[in-house]
Amino acid sequence: MASENIICMTCGEENETVKSIFDENLHEIYMNLTAIPISGNNIELTGLCCDCVQILKDIKEFRDVCVETHQKLLTLKSSREKLNEEKTYKKEIIFVEVENEEEIPKKEKKSVPRLKLNCPHDSCNRSFQKKSRLEAHLRSHQGEKPEICDICGKGLANPKSLSRHKAMHAGIKKYKCSYCAKSFNNSSHLNVHVNAVHTKEKSYVCPICGYISYAYTGLAIHKRCHSDEKKYQCNECSRMYKTKAELKDHLMRHRGIRDYVCELCNATFLVKSDLRTHQRCVHETPYNFECTECGNKYKKQAHLTKHMRSHTNERPFICSYCNKGFFERATLKKHLYSHTGERPFKCPKCPKAYTEIFIMKRHLRQQHTNLPKVLVFTVASEPNDGYLRYIRSAKHYNIPVTTLGLGQEWKGGDMNSQGGGYKLNLLKDALKPFKNDEETIVLFTDAYDIIFTSSLSEIVEKFKKTEARVLISAENLLWPDLTLKDKYPKFDGPGGWYLNSGMYIGYCNSVYELLKANPIKDTDDDQLYLTNAYLDENLRNKLSIKLDHTSDIFQNLNGAIEQVMLQIDPDTAESFIFNTAFKTRPCVIHGNGPSKVNLNNFGNYLAAAFMRDECKICNENRLTLNEENLPTVLIALFIEKPTPFTEEFLEKVYAQNYPKENLHLFIHSNVEHHRQAVIDFIKERSADYKSFKLLTNEDKYEEKAARSLAVTVATTKKVDYLLSLDSEAHLDNPDTLRKLLEANRTIIAPMLKRDGALWTNFWGALSSNGYYARSTDYKDIVERQVLGVWNVPYITSAYLAKSSSLSKFNFELEGVDSDMSMCQSLRDANIFMFVTNLEIFGHLIDNEHYDTTLARPDYYQMLYNRKDWEQRYISPLYYEALADNEKKIYKEPCPDVFWFPIATEKFCDDMVAIMENFGKWSDGSNNDERLQGGYEAVPTRDIHMNQVGLNNQWLAFLKDYIRPLQEKIFTGYYHDPPRSLMNFVVRYKPDEQPFLRPHHDSSTYTINIALNHAGIDYEGGGCKFLRYNCSITDTQKGWMLMHPGRLTHFHEGLLVTKGTRYIMISFVDP
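Mapping of the sequence shown onto UniProt numbering: residues 1 to 1070, in sequence order.
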């Protein structure tokens, strides 16, 4: 858990890194500035954050400049006193008349003031030579602006200001910066730019907070942030602002046109300040703060601190009412409203109030806009996931939808080809009561692949601006009759040319007449019908039918994915679709054709599904588990390929925190290598389950058939859910099953990833041929930068499915594997697949480097599956020993000989088994071909690690596990990575080599790991350090001796009298 932050004594913000105010005499500057006394040197009371330290230093520098300038001015004043005494005119209007200028000598002319007209206002030092200019200036004090711009209507004080203002309209900028390419329409703006950007000779410091501006007007505007006065009011919504600039930005948001485009990424913005903020935060600020857990990088320490809480699950902001913890203070603040009842955002037109401003704004749009009567229809035969998403988006924008045909048999034919006339006939029947209604508006959309992104009032407003009686959506692709291309009316502007029948709006009488213009069968194609009607010039003109060419209202995604992008509204924080080609913001989004996958991705964010870094839909429709009536689940385990750590996989399944009497077990083990491990698991654990079924490789079931059989078993047993797990999916979190059930999705997968990689059990997008493609948010989801429940096109390895969806599962499509077949069948059935990363559920095993021809192949997995290898083979006491500073865990049985726990019993057993399986022990003579030179001075019966393919792994073991222990006890010696040319297992037997004569090791230090039990597996043995007359005979299996080599620790291997002793030796840094 992260350490507690310290509060800065000046700004009050929490910070991990603070500096004492007594450093660099900062306390003197602080006391001179504030007159607040400071005593003591307690960092909790006198700590400053880095930003405040810099502000104090800037203030001191500013004060020094002022003092220096003051001294210069005093010197200058004394030199000018005599000249000032000779001046005869005062600060008032003085007329000096000269009768005959020709009679005045040139030198005398220069000393005679012709005419000096001073402003009579005490606060103004301006003077003029012409009376007309003084009079114009005086009008500025009175607020008069008689000169009116004929272009924009703005009033100005004098003709010169008007001329300069008009030059701005004309784009005339004659004042060019000598430092850069910028130019300005007046000299004062140029002077401010040069000082603020280039020279920074003059600076202005806010006396309240120390803010520094290089323009006096900038400081004046800044000071308003310290005042509560808001004197600039919006004439559209009555909102008040402190500055004209804030009001101007706000009015631009009302205008709704995104004119400001980022040149680097094409993101668009309503106001220039948003663009500047985007460029600064996204493109200019470096990623200097890196997460030590996952390697993610951030631009601010605060962002990294927030991210680290996703690893530690630290929730430092605690509700004082219910003790619930939150990651962020802002989230806690919103939560507190649920306890206090406070609703700070009040509607200006009615008594209602809300906890968030975007909800109030939505209410304002939806309830206080004068709308004509509007009917909204859709057609859906079943309430599948697509329909539920559609209805959710409609409810979010308060759009009342009437669903036609729900719960009835679909009569519209196969929608994978032509069909859908049934929709037109249902709508025509529904509009009969309104067939003569010229005022009521009807909006029709499809259901399964539609999302609303705006209110009905905005849709109607945009529709009325088209002056059409019927407006139909348009797309870039022609379908279904390509021969009709040349019959479309010529369209000179940009946009989609061709009609799409998925969305249209119009007046009831006109839409009804359109639908009854020609007969149509239920199985005929609705798009072809509407296309022919539109191409009928007489009918088109009679009913005033138009297409929404530029996607002002309707956006069809097929063929337009490159044109659209997801953006966030800065006022409401809601995501929306922006069409970059036409600069429009569509209100209804249609995932027609193959673009449904794209719509599903957008749907993770649209209609306030995800906003302000929070998944809003995650808390919707959740399932509360009743412990007395829990759902029944069939857990289906599939071991289809050799996979390391399969025993742990099975035990983690068994460890799920769920009553076994509610669980059925199905296992398909198709790998001979794992057959015995599965049988052992079944013998020990199967009786605890409600039922179990085992298929091994001897049953000859192929993978696709086995998966289909699991679905059949789940259906036969009438379970509520099927949990499918492949052997590479390790559920480290014992509450995974419960968390997935509570999410209450038709199909949901826990996000699992390989350690240190972006390889996961889901795809964020699909390529054009249906294979893997990376979505724009894939990396953020995998690295848990964003947390939520995500609609994705492909899942594998681990998922939970409701029984209602099992009839749609098909694992046996030709040309693809079982998982791709399943996902394609679910997509075709409009069943959504979700993946959740709200918690860390587990991880994926890397089985690509698993060689079952090796003895104990799991032992070889350290470089590929580090955490699993570590859990199996590294002693739990290792980390305690690493942190131990009082020798409670590790020991020192002889001088500078240290004894550490390092390995598990499994580590030792597998090491011995690998060596004995290899079997090529050296003969114990001095002749050794494995060594350079072929001679061993002190030979042993041994096998080298490089003989069994473990040398690289062992060097990594020395670096990552041994080196930290060495640095702990032999302080001052660092060598990263450690080197070792001699890594070998020694075997001592009474009838082979029972002991080893005294010798020095050719190492800086040596490690000696006991691989079996003294007194059980062998008798005698041990190690004696002759210089210290100290022997270690009671060695413990899995413990390591570490001692210096070369001169100091002359030692011998003691006699083994019975059994076989194995030890692992490394001479480190020879």
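Derived from the structure by calculation, the hints contain no laboratory data. Certain hints may be false.
DSS-like, lysine-lysine: derived pairs with alpha carbons at most 27 Å apart [as the list claims (entries may be wrong)]:
| # | residue 1 | residue 2 |
| --- | --- | --- |
| 1 | 906 | 920 |
| 2 | 352 | 333 |
| 3 | 704 | 802 |
| 4 | 242 | 297 |
| 5 | 145 | 131 |
| 6 | 546 | 465 |
| 7 | 160 | 130 |
| 8 | 1024 | 1037 |
| 9 | 242 | 223 |
| 10 | 333 | 300 |
Computed spacing ranges between beta-carbons, pair by pair [what the hints assert, rightly or not]:
| # | residue 1 | residue 2 | range |
| --- | --- | --- | --- |
| 11 | 712 | 328 | 43 to 49 Å |
| 12 | 956 | 886 | 47 to 53 Å |
| 13 | 828 | 325 | 40 to 46 Å |
| 14 | 712 | 317 | 23 to 29 Å |
| 15 | 120 | 180 | 40 to 46 Å |
| 16 | 311 | 282 | 56 to 62 Å |
| 17 | 892 | 289 | 20 to 26 Å |
| 18 | 630 | 828 | 30 to 36 Å |
| 19 | 311 | 956 | 21 to 27 Å |
| 20 | 317 | 593 | 43 to 49 Å |
| 21 | 301 | 180 | 48 to 54 Å |
| 22 | 758 | 187 | 51 to 57 Å |
Backbone N, C-alpha and C fix where the C-beta goes; we use that ideal spot for every residue, glycine too.
Which of the stated hints cannot be reconciled with the structure, identified by number in ascending sequence? The structure conflicts with hints 4, 12, 14, 16, 17 and 21, although it agrees with all the remaining ones.
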